[in-house]
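Line order of the protein sequences matches chains D and A.
Last residue of the first sequence: 243 in the numbering used here, with the numbers rising by one and none dropped.
Last residue of the second sequence: 465 in the numbering used here, with the numbers rising by one and none dropped.
A portion of the hints provided could be inaccurate.
Computed footprint of chain D on chain A; a stretch qualifies when at least three of its residues, placed anywhere within it, have a C-beta under 8 Å from a C-beta of chain D [stated by the list, open to error]:
#, stretch
1, 385 to 399
2, 458 to 464
Straight-line Cα separation of at most 20 Å, SDA-like style, residue types lysine to any residue; simulated pairs [stated by the list, open to error]:
#, chain 1, residue 1, chain 2, residue 2
3, D, Lys176, A, Glu325
4, D, Lys18, D, Ile239
5, D, Lys176, A, Val274
6, D, Lys176, A, Gly297
7, D, Lys18, D, Ile225
Quick caveat, the hints were computed from the structure, so don't treat them as lab data.
Glycine is no exception: its CB is placed at the ideal position from the N, C-alpha and C atoms.
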Amino acid sequence: MNLYTYASPANFYVLAGKLIPWFSWSAGLLAVWGLYISFFLAPTDFQQSEAYRIIFIHVPAAWMSMFIYLVMAFWGAIGLAFNTRLSFMMARALAPTGALFTFIALWTGALWGKPMWGAWWVWDARLTSELILLFLYVGIIALWAAIDDVRRGDRAGSLLTLIGAINVPIIYFSVKWWNTLHQGSSINLMKAPSMAAIMLQGMLVMAIAAWLYTIAVSLVRVRRIILERERQTDWAKAILERE
Amino acid sequence: MHRFLLAVLRRDLTLAARRRGDWLIAQFFFVMVASLFPLGVGPEPEMLARIGPGVLWVAATLASLLSLARLFEDDHRDGSLEHMVLSPEPTVLLVLGKSLAHWLIYGVPLLLIAPVLGIQFNLSWEAILVLEISLLLGTPILSLLGGVGAALTLGLRGGGVLLTLLILPLYIPALIFGAGAVDGVMAGTGAEAHLSLLGAFMVLSLMIAPWIAAAALRVSLE
Chain D
1 MNLYTYASPA NFYVLAGKLI PWFSWSAGLL AVWGLYISFF LAPTDFQQSE AYRIIFIHVP
61 AAWMSMFIYL VMAFWGAIGL AFNTRLSFMM ARALAPTGAL FTFIALWTGA LWGKPMWGAW
121 WVWDARLTSE LILLFLYVGI IALWAAIDDV RRGDRAGSLL TLIGAINVPI IYFSVKWWNT
181 LHQGSSINLM KAPSMAAIML QGMLVMAIAA WLYTIAVSLV RVRRIILERE RQTDWAKAIL
241 ERE
Chain A
244 MHRFLLAVLR RDLTLAARRR GDWLIAQFFF VMVASLFPLG VGPEPEMLAR IGPGVLWVAA
304 TLASLLSLAR LFEDDHRDGS LEHMVLSPEP TVLLVLGKSL AHWLIYGVPL LLIAPVLGIQ
364 FNLSWEAILV LEISLLLGTP ILSLLGGVGA ALTLGLRGGG VLLTLLILPL YIPALIFGAG
424 AVDGVMAGTG AEAHLSLLGA FMVLSLMIAP WIAAAALRVS LE
């Protein structure tokens with residue numbers, strides 16, 4: 001079997017339809033398991049008491065927010081290099097989930113920061129770069145929304161994702177150095193206390209759940225995008241009539 | 244190759260010289276934004292000196308964005324942009340020439356105005372000198388990265404606002420290193436580290452931005 005068969009939107013539509021239940025069910029089950037570990041099995045932290053439990057949501061969301069951006073840049077680069085339509089559709093399907101996880105990471109971070117640091121927001125390097133990542137996501141989604149022509153929109157969005165991806169490390173380090181020079185806060189996120197094994201386990205299970213969830217929803221989204229773009233073809237018309 | 248670059252440069256400079264109104268608006272915008280801050284935060288000299296570098300840098304980025312929306316727009320509207328892209332000369336040079344012209348027209352005058360605003364913000368002479376160097380290194384970044392944004396948003400409805408949304412996050416390193424250099428010299432830690440990083444970022448932008456902007460321009464004109 002040739003894997004490239006699935007680069008064709010028509011074939012991928014069918015494959016995605018078969019894969020979605022697997023990814024969604026495993027994401028759901030793992031999320032339940034992960035939340036059970038987080039709220040019932042993991043012990044209360046002696047320094048941070050119960051409020052630390054937010055990291056089980058926060059850390060996977062923050063990981064996903066950055067990882068999804070890289071995957072988008074990857075699909076954008078593939079699309080620009082090989083002129084494959086499906087890559088652009090994947091990039092578009094991933095963006096809203098990436099922005100969502102970035103927002104969740106910021107929001108839960110604020111909820112955690114209030115009891116821990118006594119402030120909803122500090123201009124820490126990680127917080128600031130996460131905020132800038134949200135700006136980048138919003139910019140890309142806004143660019144896609146503004147361009148009606150599909151072909152132009154795909155390419156323009158991918159170029160912006162790529163220049164953003166080149167810039168992300170520069171932004172991260174500039175914000176980090178800016179922060180250390182300003183000596184704003186005495187909190188050091190880097191020196192987190194070492195974690196109990198059960199806490200780490202809960203976090204990893206939640207991270208895998210977030211991963212599978214991302215795959216599931218972006219497959220759902222990419223199927224919609226495929227149908228929308230292929231609506232003039234016979235197979236898409238047949239599906240649309242059935243629905 | 245050089246002749247094409249020079250021709251683009253000369254053409255844009257001539258056009259700007261014949262329409263001084265556009266040119267002045269961006270400069271006055273810079274002065275006005277900077278002047279609003281003392282009215283907003285109060286006239287205490289110590290505080291103004293503290294926020295001055297950051298305010299002037301933010302005002303410079305906004306002023307450059309204001310003029311960037313029209314970098315390709317006028318040529319696009321009368322069709323000459325398509326001819327220039329279709330010509331056998333590389334599009335990268337066209338973009339580079341236009342970005343360079345934008346810097347000469349809108350960036351360099353900021354360098355001339357900034358010391359006056361620096362005095363208003365109670366900056367020391369040493370700090371003003373570093374501000375000038377940081378603007379000299381940093382304003383080309385604004386024109387180069389802005390060229391990418393202008394090419395991506397060419398001919399879109401609400402392109403100007405969208406351009407701001409796309410490009411401001413990319414300007415952040417320039418803002419941090421530029422304002423940080425002046426802060427560093429005022430705090431006594433020296434400005435060299437910041438200026439070196441700013442210079443490195445400028446070289447990196449010079450190497451990458453024209454290519455991406457040229458690709459974006461071809462995408463937008465298809």
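Going through the hints against the structure:
1. 385 to 399: Per the Cβ count (5), the hint holds.
2. 458 to 464: With 4 residues close enough to chain D, the hint holds.
3. D:Lys176 / A:Glu325: Roughly 42 Å separates the two Cα atoms, so the pair is violated.
4. D:Lys18 / D:Ile239: Holds, at about 15 Å.
5. D:Lys176 / A:Val274: 30 Å, violated
6. D:Lys176 / A:Gly297: 17 Å, holds
7. D:Lys18 / D:Ile225: Status holds; Cα separation ~17 Å.
The structure fails to meet hints 3, 5 from the earlier list, while all remaining hints are met.
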